[in-house]
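With the sequences and hints as input, model every part of the structure.
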Amino acid sequence: MPAENGKILAVSSVSKRFGGLLALDSVSFEVQRGEIFSVIGPNGAGKTTLFSCLVGTYPPTSGSVRFRGEELKGLRNDQVVARGLVRTHQIVKPFRDMTVADNIRVGVLYGRLRLRGAKARERVDEMLSRTQLGHRAQVKAGVLSIGELKRLEIARALATGPDVLCLDEVMGGLNPAEIQQAMVLVRALRDSGLTILMIEHHVHAVAGLSDRLVVLNFGKKIAEGRPGEALRDPAVVAAYLGDETKEEARA
Amino acid sequence: MQKFVIVALNSLLAAGLYATMSYGLAVIYGVMRIINLAHAGLMMLAAYATWALNDRFGLDPFLSMIIVAPAFFVLGMALYATLIRWLPRSAAGPSMQSLLLLFGVWLVLQNLAYAIWGGDTQSILTPYTMESVPFLGGRLGVPQILVFVVSILSLVGLNLVLRRTYLGKAIRAVTQNRDAAMLSGVNAGQIAAVAFGIGTAFAAMAGSMLSTLYAFTPDFGRSFLLKAFCIIVLGGMESFTGVALGALVLAFIENFASAYTSIPVSYQDAISFTLLVVVLVAAPGGLPGLWRMLDRRVVAR
Chain Y
1 MPAENGKILA
11 VSSVSKRFGG
21 LLALDSVSFE
31 VQRGEIFSVI
41 GPNGAGKTTL
51 FSCLVGTYPP
61 TSGSVRFRGE
71 ELKGLRNDQV
81 VARGLVRTHQ
91 IVKPFRDMTV
101 ADNIRVGVLY
111 GRLRLRGAKA
121 RERVDEMLSR
131 TQLGHRAQVK
141 AGVLSIGELK
151 RLEIARALAT
161 GPDVLCLDEV
171 MGGLNPAEIQ
181 QAMVLVRALR
191 DSGLTILMIE
201 HHVHAVAGLS
211 DRLVVLNFGK
221 KIAEGRPGEA
231 LRDPAVVAAY
241 LGDETKEEAR
251 A
Chain R
1 MQKFVIVALN
11 SLLAAGLYAT
21 MSYGLAVIYG
31 VMRIINLAHA
41 GLMMLAAYAT
51 WALNDRFGLD
61 PFLSMIIVAP
71 AFFVLGMALY
81 ATLIRWLPRS
91 AAGPSMQSLL
101 LLFGVWLVLQ
111 NLAYAIWGGD
121 TQSILTPYTM
131 ESVPFLGGRL
141 GVPQILVFVV
151 SILSLVGLNL
161 VLRRTYLGKA
171 IRAVTQNRDA
181 AMLSGVNAGQ
191 IAAVAFGIGT
201 AFAAMAGSML
211 STLYAFTPDF
221 GRSFLLKAFC
231 IIVLGGMESF
241 TGVALGALVL
251 AFIENFASAY
261 TSIPVSYQDA
271 ISFTLLVVVL
281 VAAPGGLPGL
291 WRMLDRRVVA
301 R
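These protein sequences, in sequence, are chains Y and R.
Note that the numbering used here has the first sequence beginning at 1, numbered continuously upward.
Note that the numbering used here has the second sequence beginning at 1, numbered continuously upward.
Please keep in mind that the hints were generated in silico from the structure rather than gathered at the bench.
If you're wondering where the values come from, they're calculated on a predicted model, not measured in any experiment.
Every residue gets a Cβ at the ideal spot worked out from N, C-alpha and C, and that includes glycine.
No incorrect hints appear here.
Now the stretches of chain Y that chain R is said to cover, found in silico as 3 or more residues with beta-carbon under 8 Å:
1. 81-87
2. 92-102
3. 108-114
4. 147-160
Pasting the structure below:
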């Protein structure tokens, strides 16, 4: 565990309403510096909506997001990135007609570090090697495999120089070997001093990586804690496996 | 055969101007997903600006672009800051609001020109306006050649900016994926302002060059806007080479139709619009879409 502790991100009573749908219902949690913190829950639980509210894709309807003590609500994506909080997307969003190196370069040039010239080139190379994309540096991002695209998504986010990296299902669609590789990468990122916030479906990866986690269901937080405890919580089990009594009633 | 070569060369010369004119639209569409209907009005305004500089100070229309293009870049940024930035964002395509707003801007520009310069037809006469040079047994107009050279220079310049500069990387990033660009820290609003400036400067360059070839009134530019629509639909909206190819195809079809068929020159607009409809029906993805389709078939085999 890194020496420096203390909360880096505080989410308090964040709600998000889309018309008649309450996608997030007063969700609160705190993330400590240097931890791997997971957000899990069944499909449609509001996990991705939560990430979007954190980084300013759209503002929360109510509640607050404080990052290193500063309120993020109302800031644009790029302003949040400049403060050191960045996310990846579950559905990867590469710049398809640009090379892999140029994709990463955009993050280096315009992210928090705003490097130029030789320093920028060095950081691009560093990101390429950390995500094992060096051999693909000069190909167009559009031709990469899904595993490579997921790594590019991480590399570009990482290139901006964040303190907190939010990973949205980086293991979705990967084969077991690639998942193993991704887990090693996530752990290495944390060990290099980053705080990781991740949405993940693979229970094995979540249990193996997370220090703590929250479980969302229908926009509400239903459990929080260490993976061993939280995953065994009856409410969590019911959310994932379906509430048997309700199922019977329906049948 | 000789006629064929001359017609082909004239098509090529026209294509250069068409590409410059279309690229302004394509840059703006790429970054903001809006169609700049005011493009024609901006070309007209630039033609008048060029004419005014020539009339008052005897400035050569081609040299005047050194003043006109940067001035219109600033005008474009100002238009963005005052009007365009307030438009609701739509990911899917141009919103009704954006079309109406920019159509309104066009009308305002037109009436502004009527108010300032009146409705008389204006034209710019330079010592080389009527000159032509012999080439392969035919003759090519000097203004046409100059327009082609300046067009190519401006397109090469833009391409270099887009490929080689930090700003260019940001513009391309926003064009290819606005969300991802913002998540990489790019201030998309700022980039949109610059893109609108670039698009306006390209409209201005096209307008200055058109003023050396055609007479104009405040209504000038409409038929060129139609041609530009046709070209960017043909070229696939975002790709640099696509737009250049689209410009070539349209210029060749227009020139060959008037040289080898009895279709009168006044029907040129009908040609470009027919082509636009045919492309939209038969190949909505334009040339790049057609290319990808053929490519896939070859790969499948």
